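2 protein chains.
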Amino acid sequence: MSDIYEVMSILRAVRRLKPDPVPHDVLQRVLQAAAWAPTGGNVQPFRIVAVTASEQKQAIQKLYDEEWAKYTTWHRKAIPGMEEPQKSATEKMVRAGDYLAANMHTTPVILVFCFNPDNMAITDSDLGRPSVVGGGSVYTAVQNVMLACVEEGLGCVLTTLLCYREAEVKAILNIPDNWYTCAHVPIGYPVLKGHGPINRRPVDKLVYANSWGEAWS
Amino acid sequence: MSDIYEVMSILRAVRRLKPDPVPHDVLQRVLQAAAWAPTGGNVQPFRIVAVTASEQKQAIQKLYDEEWAKYTTWHRKAIPGMEEPQKSATEKMVRAGDYLAANMHTTPVILVFCFNPDNMAITDSDLGRPSVVGGGSVYTAVQNVMLACVEEGLGCVLTTLLCYREAEVKAILNIPDNWYTCAHVPIGYPVLKGHGPINRRPVDKLVYANSWGEAWS
Numbered sequence: 001m002s003d004i005y006e007v008m009s010i011l012r013a014v015r016r017l018k019p020d021p022v023p024h025d026v027l028q029r030v031l032q033a034a035a036w037a038p039t040g041g042n043v044q045p046f047r048i049v050a051v052t053a054s055e056q057k058q059a060i061q062k063l064y065d066e067e068w069a070k071y072t073t074w075h076r077k078a079i080p081g082m083e084e085p086q087k088s089a090t091e092k093m094v095r096a097g098d099y100l101a102a103n104m105h106t107t108p109v110i111l112v113f114c115f116n117p118d119n120m121a122i123t124d125s126d127l128g129r130p131s132v133v134g135g136g137s138v139y140t141a142v143q144n145v146m147l148a149c150v151e152e153g154l155g156c157v158l159t160t161l162l163c164y165r166e167a168e169v170k171a172i173l174n175i176p177d178n179w180y181t182c183a184h185v186p187i188g189y190p191v192l193k194g195h196g197p198i199n200r201r202p203v204d205k206l207v208y209a210n211s212w213g214e215a216w217s
Numbered sequence: 001m002s003d004i005y006e007v008m009s010i011l012r013a014v015r016r017l018k019p020d021p022v023p024h025d026v027l028q029r030v031l032q033a034a035a036w037a038p039t040g041g042n043v044q045p046f047r048i049v050a051v052t053a054s055e056q057k058q059a060i061q062k063l064y065d066e067e068w069a070k071y072t073t074w075h076r077k078a079i080p081g082m083e084e085p086q087k088s089a090t091e092k093m094v095r096a097g098d099y100l101a102a103n104m105h106t107t108p109v110i111l112v113f114c115f116n117p118d119n120m121a122i123t124d125s126d127l128g129r130p131s132v133v134g135g136g137s138v139y140t141a142v143q144n145v146m147l148a149c150v151e152e153g154l155g156c157v158l159t160t161l162l163c164y165r166e167a168e169v170k171a172i173l174n175i176p177d178n179w180y181t182c183a184h185v186p187i188g189y190p191v192l193k194g195h196g197p198i199n200r201r202p203v204d205k206l207v208y209a210n211s212w213g214e215a216w217s
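Each protein sequence line maps, in turn, to chains L and G. Read in order, the letters of the first sequence correspond to residues 1 to 217 in this note's numbering. Read in order, the letters of the second sequence correspond to residues 1 to 217 in this note's numbering.
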């Protein structure tokens with residue numbers, strides 16, 4: 001039993017995951033955490049496909065590996081010209097991500113979060129800017145899952161790159177036409193230290209008092 | 001210090017909030033929880049305007065009250081024809097929401113979450129279906145805030161109705177052109193019992209094994 005603030009304060013992207021299986025009761029608690037999450041109108045417009053079978057994991061790994069390579073093309077070119085600490089941080093992220101991209105299929109489980117927009121009240125769909133509100137009924141569950149992973153000593157990372165290959169992922173997992181994908185969370189015991197210290201802006205840089213730009217503290 | 005699973009399992013929409021002030025150190029812990037949340041590329045593309053001033057809260061309450069009335073027009077008409085337990089649940093939700101809509105300005109603080117899509121990699125923006133991925137870098141923080149509220153004995157509820165009035169909310173809080181709103185979370189000590197038992201689908205109804213529709217357990 002951990003303090004929730006401690007759990008939140010060490011949740012970081014863990015991309016090196018062992019192939020060791022996750023006991024069913026542990027995974028069940030992680031999935032129960034998802035089920036508890038609040039959603040708009042308590043509709044729970046999300047489903048999770050928990051991928052443990054080799055064939056599906058391999059098909060997903062292949063797609064992820066391709067998208068990761070594309071996504072990091074810019075990073076790899078830019079690293080030599082970066083200054084510290086950004087340079088080391090980016091190198092570390094790319095190396096860890098390379099490991100995940102090469103080993104996605106050996107992680108014991110990949111949770112693929114799906115959603116159905118027909119069951120969501122998307123209040124920001126007609127504002128002429130990117131809509132995000134649908135995410136309010138899915139990423140609450142994703143966050144619960146990741147916090148549960150910390151509690152259980154499991155590594156995990158929220159990835160969304162596979163949305164670029166949604167049609168293929170849907171075919172692999174037999175996801176119906178009116179359901180879509182929005183998060184792919186590989187889970188497993190960490191190869192290295194797992195969750196730990198994180199680097200975030202302090203509250204004062206993220207929070208304003210009553211009016212944009214007005215100091216909070 | 002509470003078990004994180006217990007915290008998750010009692011987080012529910014608390015819409016009746018006392019005007020009693022929230023001590024600064026308590027609010028600071030709630031805001032720190034937001035700051036810890038993971039975001040895509042660790043960019044933290046969100047900001048929070050913490051609204052405690054009467055003038056701004058009153059302006060927000062007026063808008064919320066109007067949108068709540070519109071949103072619940074259907075519910076109010078439908079209740080007489082509903083069957084139990086949906087009827088009681090809907091009546092309860094509408095009554096509690098009426099309280100919030102009438103008293104939004106007396107809650108001690110309203111957290112308005114803002115995001116900047118220019119700082120987000122929105123991987124599902126060109127799929128010809130509603131995009132939600134931007135929410136992956138904001139609602140993780142919103143969920144942390146709500147879990148922190150449970151830990152602190154504070155009531156809260158995630159609302160998104162005010163996105164319908166985004167232009168007006170932005171004017172009230174001086175939010176710049178390229179930042180948008182996606183969650184409005186009133187926070188305060190509960191009038192009634194606050195967080196408690198929730199009604200959610202069991203894991204088996206939300207999770208499939210390897211292929212859509214395949215039983216998990």
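Hints were generated in silico from the structure; no laboratory data involved. Where hints are given, some of them may not hold.
Under the rule of at most 25 Å between Cα atoms (straight-line distance), these lysine-lysine pairs were calculated in the DSS-like manner [as the list claims (entries may be wrong)]:
| # | chain 1 | residue 1 | chain 2 | residue 2 |
| --- | --- | --- | --- | --- |
| 1 | G | K18 | G | K193 |
| 2 | G | K70 | G | K87 |
| 3 | G | K170 | G | K193 |
| 4 | L | K170 | G | K205 |
| 5 | L | K205 | G | K92 |
| 6 | L | K205 | L | K70 |
Remember, predicted model here, so these are calculated numbers, not experimental data.
- Which of the numbered hints are not met once you compare them with the structure shown? Failing hints, ascending: 3, 5 and 6.
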